[in-house]
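Chemist: Okay, here's what each chain looks like letter by letter:
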Amino acid sequence: MRDAYIVTAVRTPGCKSARGTFKDTRPEDLLSFIVSAAVERTPNIEKKDVEDFAIGCAFPEAEQGLNIGRVGAQIAGFPDETSGFTINRLCSSGLEAIAGATLRVRAGWSEIVIAGGVESMTMVPMAGNLPRPHPEYSKIHAALWGNMGNTAETVATRYNISRQAQDEFAYKSHMKATEALNKKLFKEIVPTPAVKYVMQKDGTYKKETFIIDYDDGIRPETTVEGLAKLRAVFSVGGTVTAGNSSQTTDAAGAAVIMSEDKVKELGIKPLAKVKCYTTVGCRADEMGVGPKYAIPKLLKIAGVDLKEVGLFEINEAFASQALYCIQELGIDMAKVNIHGGAIALGHPLGATGAKLTATLLSNMREKGVKYGVESMCVGGGMGAAALFELCD
Amino acid sequence: MSRKIRTVAVIGSGVMGGGIAALIASAGIKTLLLDIVPFNLTDDQKKDPKERNKIVKAGFDSIIKSRPPQLMHKKDADLISIGNLEDDFDKLASCDWIVEVVLENIKIKRDLFAKIEKVRKKGSVVSSNTSGIPLKSMSEGLSDDFKQHFMGIHFFNPVRYMKLLEIIPGQETLPEVLGFMTAFGEKILGKGIVIAKDTPNFIGNRIGVQTMIKSMQLMMEDGLMIHEVDALLGPAIGRPSTAIFKTSDMIGLDTVGHVSKNTYDLVVNDEERDSFIIPDFINKMIEKKLFGNKVKAGFYKTDVTPDKKKVKKVINHKTLEYEEYGKPDFACLAGAKKAKTLSDKLKAIVYADDKGAKYVWKVIANGLIYAAKRIPEISDTIIEIDNSMKWGYNYEMGPFETWDAIGVQDSVEKMEKEGFTVPANVKDMLASGVSSFYKKENGKIFYYDFSSKGYCEYVVSSSIISLAGLKANGKIVKDCKSASLIDLGDGVFCCEFHTKMNALNNEVIDFINESLDYVDQNGAGLVIGNQAGVFSAGADLVPVGAMTKEKKFDEIDAMLERIQQAVQRERYSSFPVVAAPFGLTLGGGCEVCLGADRMVVHSELYMGLVEIGVGLIPSGGGCLNLWKKFVSTIPEASTKGIDLAKYFIPAFMAISSAKVSTSAADARAIGFLGPNDRIVFNRDYLIGEAKNEVLKMLADGYTPPAKRKLTVFGDAAQGMVNVEMLNMSNGKFVSEYDAFLAKRIGFVISGGDARSNSQIDEEIILKLERTAFIDFLKEEKTLARIDHMLSTGKPLRN
Numbered sequence: 015m016r017d018a019y020i021v022t023a024v025r026t027p028g029c030k031s032a033r034g035t036f037k038d039t040r041p042e043d044l045l046s047f048i049v050s051a052a053v054e055r056t057p058n059i060e061k062k063d064v065e066d067f068a069i070g071c072a073f074p075e076a077e078q079g080l081n082i083g084r085v086g087a088q089i090a091g092f093p094d095e096t097s098g099f100t101i102n103r104l105c106s107s108g109l110e111a112i113a114g115a116t117l118r119v120r121a122g123w124s125e126i127v128i129a130g131g132v133e134s135m136t137m138v139p140m141a142g143n144l145p146r147p148h149p150e151y152s153k154i155h156a157a158l159w160g161n162m163g164n165t166a167e168t169v170a171t172r173y174n175i176s177r178q179a180q181d182e183f184a185y186k187s188h189m190k191a192t193e194a195l196n197k198k199l200f201k202e203i204v205p206t207p208a209v210k211y212v213m214q215k216d217g218t219y220k221k222e223t224f225i226i227d228y229d230d231g232i233r234p235e236t237t238v239e240g241l242a243k244l245r246a247v248f249s250v251g252g253t254v255t256a257g258n259s260s261q262t263t264d265a266a267g268a269a270v271i272m273s274e275d276k277v278k279e280l281g282i283k284p285l286a287k288v289k290c291y292t293t294v295g296c297r298a299d300e301m302g303v304g305p306k307y308a309i310p311k312l313l314k315i316a317g318v319d320l321k322e323v324g325l326f327e328i329n330e331a332f333a334s335q336a337l338y339c340i341q342e343l344g345i346d347m348a349k350v351n352i353h354g355g356a357i358a359l360g361h362p363l364g365a366t367g368a369k370l371t372a373t374l375l376s377n378m379r380e381k382g383v384k385y386g387v388e389s390m391c392v393g394g395g396m397g398a399a400a401l402f403e404l405c406d
Numbered sequence: 003m004s005r006k007i008r009t010v011a012v013i014g015s016g017v018m019g020g021g022i023a024a025l026i027a028s029a030g031i032k033t034l035l036l037d038i039v040p041f042n043l044t045d046d047q048k049k050d051p052k053e054r055n056k057i058v059k060a061g062f063d064s065i066i067k068s069r070p071p072q073l074m075h076k077k078d079a080d081l082i083s084i085g086n087l088e089d090d091f092d093k094l095a096s097c098d099w100i101v102e103v104v105l106e107n108i109k110i111k112r113d114l115f116a117k118i119e120k121v122r123k124k125g126s127v128v129s130s131n132t133s134g135i136p137l138k139s140m141s142e143g144l145s146d147d148f149k150q151h152f153m154g155i156h157f158f159n160p161v162r163y164m165k166l167l168e169i170i171p172g173q174e175t176l177p178e179v180l181g182f183m184t185a186f187g188e189k190i191l192g193k194g195i196v197i198a199k200d201t202p203n204f205i206g207n208r209i210g211v212q213t214m215i216k217s218m219q220l221m222m223e224d225g226l227m228i229h230e231v232d233a234l235l236g237p238a239i240g241r242p243s244t245a246i247f248k249t250s251d252m253i254g255l256d257t258v259g260h261v262s263k264n265t266y267d268l269v270v271n272d273e274e275r276d277s278f279i280i281p282d283f284i285n286k287m288i289e290k291k292l293f294g295n296k297v298k299a300g301f302y303k304t305d306v307t308p309d310k311k312k313v314k315k316v317i318n319h320k321t322l323e324y325e326e327y328g329k330p331d332f333a334c335l336a337g338a339k340k341a342k343t344l345s346d347k348l349k350a351i352v353y354a355d356d357k358g359a360k361y362v363w364k365v366i367a368n369g370l371i372y373a374a375k376r377i378p379e380i381s382d383t384i385i386e387i388d389n390s391m392k393w394g395y396n397y398e399m400g401p402f403e404t405w406d407a408i409g410v411q412d413s414v415e416k417m418e419k420e421g422f423t424v425p426a427n428v429k430d431m432l433a434s435g436v437s438s439f440y441k442k443e444n445g446k447i448f449y450y451d452f453s454s455k456g457y458c459e460y461v462v463s464s465s466i467i468s469l470a471g472l473k474a475n476g477k478i479v480k481d482c483k484s485a486s487l488i489d490l491g492d493g494v495f496c497c498e499f500h501t502k503m504n505a506l507n508n509e510v511i512d513f514i515n516e517s518l519d520y521v522d523q524n525g526a527g528l529v530i531g532n533q534a535g536v537f538s539a540g541a542d543l544v545p546v547g548a549m550t551k552e553k554k555f556d557e558i559d560a561m562l563e564r565i566q567q568a569v570q571r572e573r574y575s576s577f578p579v580v581a582a583p584f585g586l587t588l589g590g591g592c593e594v595c596l597g598a599d600r601m602v603v604h605s606e607l608y609m610g611l612v613e614i615g616v617g618l619i620p621s622g623g624g625c626l627n628l629w630k631k632f633v634s635t636i637p638e639a640s641t642k643g644i645d646l647a648k649y650f651i652p653a654f655m656a657i658s659s660a661k662v663s664t665s666a667a668d669a670r671a672i673g674f675l676g677p678n679d680r681i682v683f684n685r686d687y688l689i690g691e692a693k694n695e696v697l698k699m700l701a702d703g704y705t706p707p708a709k710r711k712l713t714v715f716g717d718a719a720q721g722m723v724n725v726e727m728l729n730m731s732n733g734k735f736v737s738e739y740d741a742f743l744a745k746r747i748g749f750v751i752s753g754g755d756a757r758s759n760s761q762i763d764e765e766i767i768l769k770l771e772r773t774a775f776i777d778f779l780k781e782e783k784t785l786a787r788i789d790h791m792l793s794t795g796k797p798l799r800n
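Those protein sequence lines, which keep their order, are chains H and G. Going letter by letter, the first sequence gives residues 15 to 406 in the working numbering. Going letter by letter, the second sequence gives residues 3 to 800 in the working numbering.
Chain H on its own, in the form it takes in the complex (with noise of 0.2 Å):
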């Protein structure tokens, strides 16, 4: 098969939902800004050059539903011929998509599709507007859509990850952002508009937009001290707290995925390819594990070492359960979310495999690192993890 790169991986701030700076800019919008901004950043094309659109997003309805893939790719202006479907698996929609996206390239059936993901928290509630668990399967089966905070107090006390430990791998979450954010790390973010309703002197609302170019729910004041304070929210006595727990956000990413004679025709030079990608089941009440075996079953496909890989980018769902992945791997903490993870940057669902790899690419680049593993766990209980190689 030819080859497929990513020529470009962009994303939003990540604003943390109903109380941040996306409250009121509708995921469409989000979406529509983001997949603009991947073309003007891509050398030599245009919109019309867009055949397809992979769009991830874990709570595909209301706002963002009615194909959101579809309706993105309309507002931000692209031809009627340039389609778009949305894709579900959760917390690893976004990088399913870009998966995806890539193997259709690879196959030669596309040249360049757009791949990204999309989550309004503020205005889709995780599980969804109209929960409805199976009335008999969730007798038996009640975990399958249990909340995702029960799943990281199992997996603290089932494998012994102490509030100490969560509070103190959250506080380093903040910390490494809080100096990304200072350094001006993040390059892989597109200032965005935001919008917000605004009272006018006769006390009617209008609509303004300005513009937003950071992660909002960054905490550099946090003290492990403060984070040991905090109550357990989803049981009595336990150790998972709002504060080593990730955020919930408002965000959206998309990369241009292009194949390898259509790099060589526009004369581009591409960031990386994503060499392999797979997935994995696990236990829904443990779900949080999901890391812990779809890297190894990432490394073996590819082939590669554990030690040459040189940036972890692993969703810090929770602290208990990516503390929990990231000892059992034997993975050096020094490579792992080196700007801080969805502790400190937050976590939008089905947008955040695409922000994750938009992050991990602008890292790896940033470092010279030639491999860069992405992963996350994703509920009901699975992982997903990718490899991306870096080009030259």
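Any given hint could turn out to be false.
Here are the simulated lysine-lysine pairs, DSSO-like style, with alpha carbons at most 27 Å apart [said to hold, decoys possible]:
{"hint": "1", "chain 1": "G", "residue 1": "K49", "chain 2": "H", "residue 2": "K243"}
{"hint": "2", "chain 1": "H", "residue 1": "K153", "chain 2": "G", "residue 2": "K312"}
{"hint": "3", "chain 1": "H", "residue 1": "K243", "chain 2": "G", "residue 2": "K311"}
{"hint": "4", "chain 1": "G", "residue 1": "K77", "chain 2": "H", "residue 2": "K37"}
{"hint": "5", "chain 1": "G", "residue 1": "K329", "chain 2": "G", "residue 2": "K360"}
{"hint": "6", "chain 1": "G", "residue 1": "K199", "chain 2": "G", "residue 2": "K49"}
{"hint": "7", "chain 1": "G", "residue 1": "K648", "chain 2": "H", "residue 2": "K30"}
{"hint": "8", "chain 1": "G", "residue 1": "K769", "chain 2": "G", "residue 2": "K780"}
{"hint": "9", "chain 1": "G", "residue 1": "K296", "chain 2": "G", "residue 2": "K320"}
{"hint": "10", "chain 1": "H", "residue 1": "K243", "chain 2": "G", "residue 2": "K298"}
{"hint": "11", "chain 1": "G", "residue 1": "K364", "chain 2": "G", "residue 2": "K340"}
{"hint": "12", "chain 1": "G", "residue 1": "K296", "chain 2": "G", "residue 2": "K375"}
{"hint": "13", "chain 1": "H", "residue 1": "K153", "chain 2": "G", "residue 2": "K769"}
{"hint": "14", "chain 1": "G", "residue 1": "K290", "chain 2": "G", "residue 2": "K303"}
{"hint": "15", "chain 1": "G", "residue 1": "K49", "chain 2": "H", "residue 2": "K215"}
Chain G is faced by these chain H residues, among others (derived, beta-carbon under 8 Å) [what the hints assert, rightly or not]:
{"hint": "16", "residue": "N102"}
{"hint": "17", "residue": "G142"}
{"hint": "18", "residue": "S152"}
{"hint": "19", "residue": "A157"}
{"hint": "20", "residue": "W159"}
{"hint": "21", "residue": "F248"}
These aren't lab readings, by the way, just hints derived from the structure by calculation. Cβ atoms here follow ideal geometry from the backbone N, Cα and C, with glycine treated the same way.
Since the structure of chain H is already known, use the hints to place chain G on it.
Modeler: What follows is chain G alone, placed relative to chain H:
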């Protein structure tokens, strides 16, 4: 001019001011809360509006945080705006009532009133919450219009919960204004009004403080200990369990010290002036800052041992050391425990001769004599004094009712034998052949009036219906041991329960059905209400437990069916049925109300379907009717395809977590009250207002609702509940058994295995209620919960 109270200003945001503002806002009236700008601001801070409002903001915040809550619902805080006395003073110009609750300092108050006079609009009412400063001295030199609209309006703490409101007219207060504020206080704020004279501490605190300090002095004389006094002067004699010293700990010893000192200074001619001097050991405690609850150490304190056990201690007034204490052992208390009525309890104590009895006798005798001697100094009649002590100090009986209870003749003889000086007015009364302060005739209450030397009728507001009065006047049309049907007039009847805690038993259930029959034949409408301490604590579990032990499940099913029949008939009978709950309205009591066409409720309503606490499910139509309350408000235009989960979840949570409302406003927020149910602030008005509601429904042309199918959430609920219960039990928020019960409750409310958003017969839910109830009774853990509740009065979480 039609006088209206649209906006009220409360000046002073301390505990009392905050409490008053909270009550007025809870009654739905816009309230402006003002306090001073802090004295010690820097030049920069002086420009900062936040700094300038710092004191009043702190007062506002403590209203929000107060426990028990002063506001009836959090949302009521929206009606309170805050400001300071410099920047916002002009806003008083738009206020209809200005309440002064500032420091008890004559100069501060006079200066404030002089300033208010300049901005207030003519005709606005100005009142002072002072408890000691003569009104005359406060309004001296102000305009006639001010004086005509000025009076003392004295609230008691905690404002929301204490019924007493003393209103003290000044010499120039217009009768029209006084009458308006009396009616306003009674109807809108729900208080019991006592018109008092402008004498030091008015009525409640004059008598109350004298009793408190005198009891302390007598303790020293008799060599009793603090916890012994509290045991003797509490519920055994019909007074609150906090008695003397626990009450002082609540008020604060510093405040008790100030109040007694102030009173002593003011009551120069009081023959008992010395009884306002606190014993010296209390002064020492005040020096040591042992103020009571606010510093967690007063007459009592609770130590926590290293292994987190609480040890209750009481101070020894001789050594000022805290000591552990147990239940005091007095023969008279044992005697009182055997007595059934309060009157018998009192007699059992005051005429006994152990050390405790002798002490109580002295306290009571002294108090009775003191009260009698205060007429006509502080009030013209005994009514004001008795009401003040009942409403302001939570006495079950006021002094003169107590005197009647222990026998006026006998007690006076005992007093004289022991050298007490019995007041002339009482002796004259006895000499004239009258031997009780009160008498009842034809359902009316008469009191002995010292000035006319004869009985006068005790006349209350025409909005108040007394069921006891009607019953005494032969208005019972039907009755049994557990309930009565009383003719309220105009074709309206009241079904009154009168079991212990108004628990529902077989007899009550049958009686409701019979009452419905009676009204159908002979009446126009029915009120379900009573005037006991609680509306109803729920079904009587004793017979349920007994029938279960004998496995008489068919009988239980039949009993449940009869309750359901009664509840359904409330709704579908040909006449209006209005329930009038107040206070505790739990379980079956709540179900009886939910079944009614409408509710007229007291603002203090603690309503809940708490059956899960005893391992059961509401089976008197509670599941059905709560769900109906939720979905009946959805306009038909919106029902198709609506997300019923939004309705199901709160209804399910209310029952599965045994939610009990903290007020009527909260009951509305939970969903127990619908848009047609009405909240009344004065509990004494409740039966009358419920009757009015029946009459209004009749006047509007009442026809019973047609019985239609009910939209249910169906089996989609099961998936949601299964998952939610997994989350809750994994998180240890509920026990496994709670989760088991809750799943079945969800099943019943949602109509069982019905298609989602389909319409089913109401009877299906009723049948599901009964089957679930009986299935639960076959579970060991439910039986354990019932046994535990019957033996301890508390729910068991197994």
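Chemist: Now look at each hint and say whether the structure bears it out.
Modeler: Right, here's what the structure says about each hint:
1. G/K49 to H/K243: With a Cα-Cα distance of about 36 Å, the restraint between G/K49 and H/K243 is violated, given a limit of 27 Å.
2. H/K153 to G/K312: Judged against 27 Å, a Cα distance of about 43 Å means the pair is violated.
3. H/K243 to G/K311: Distance of about 24 Å is within 27 Å: holds.
4. G/K77 to H/K37: Between G/K77 and H/K37 the Cα gap is close to 25 Å, so the pair holds against 27 Å.
5. G/K329 to G/K360: holds, 19 Å
6. G/K199 to G/K49: Violated - the C-alpha atoms of G/K49 and G/K199 are around 45 Å apart, more than 27 Å.
7. G/K648 to H/K30: Between G/K648 and H/K30 the Cα gap is close to 25 Å, so the pair holds against 27 Å.
8. G/K769 to G/K780: holds, 17 Å
9. G/K296 to G/K320: holds, 23 Å
10. H/K243 to G/K298: The given pair, whose Cα atoms are some 25 Å apart, holds under the 27 Å limit.
11. G/K364 to G/K340: Judged against 27 Å, a Cα distance of about 22 Å means the pair holds.
12. G/K296 to G/K375: Violated, at about 36 Å.
13. H/K153 to G/K769: Within the cut-off at roughly 23 Å; holds.
14. G/K290 to G/K303: With a Cα-Cα distance of about 14 Å, the restraint between G/K290 and G/K303 holds, given a limit of 27 Å.
15. G/K49 to H/K215: holds, 25 Å
16. N102: violated, 19 Å
17. G142: violated, 11 Å
18. S152: holds, 4 Å
19. A157: holds, 6 Å
20. W159: holds, 4 Å
21. F248: holds, 5 Å
Comparing the model with each earlier hint shows violations of hints 1, 2, 6, 12, 16, 17; every other hint is respected.
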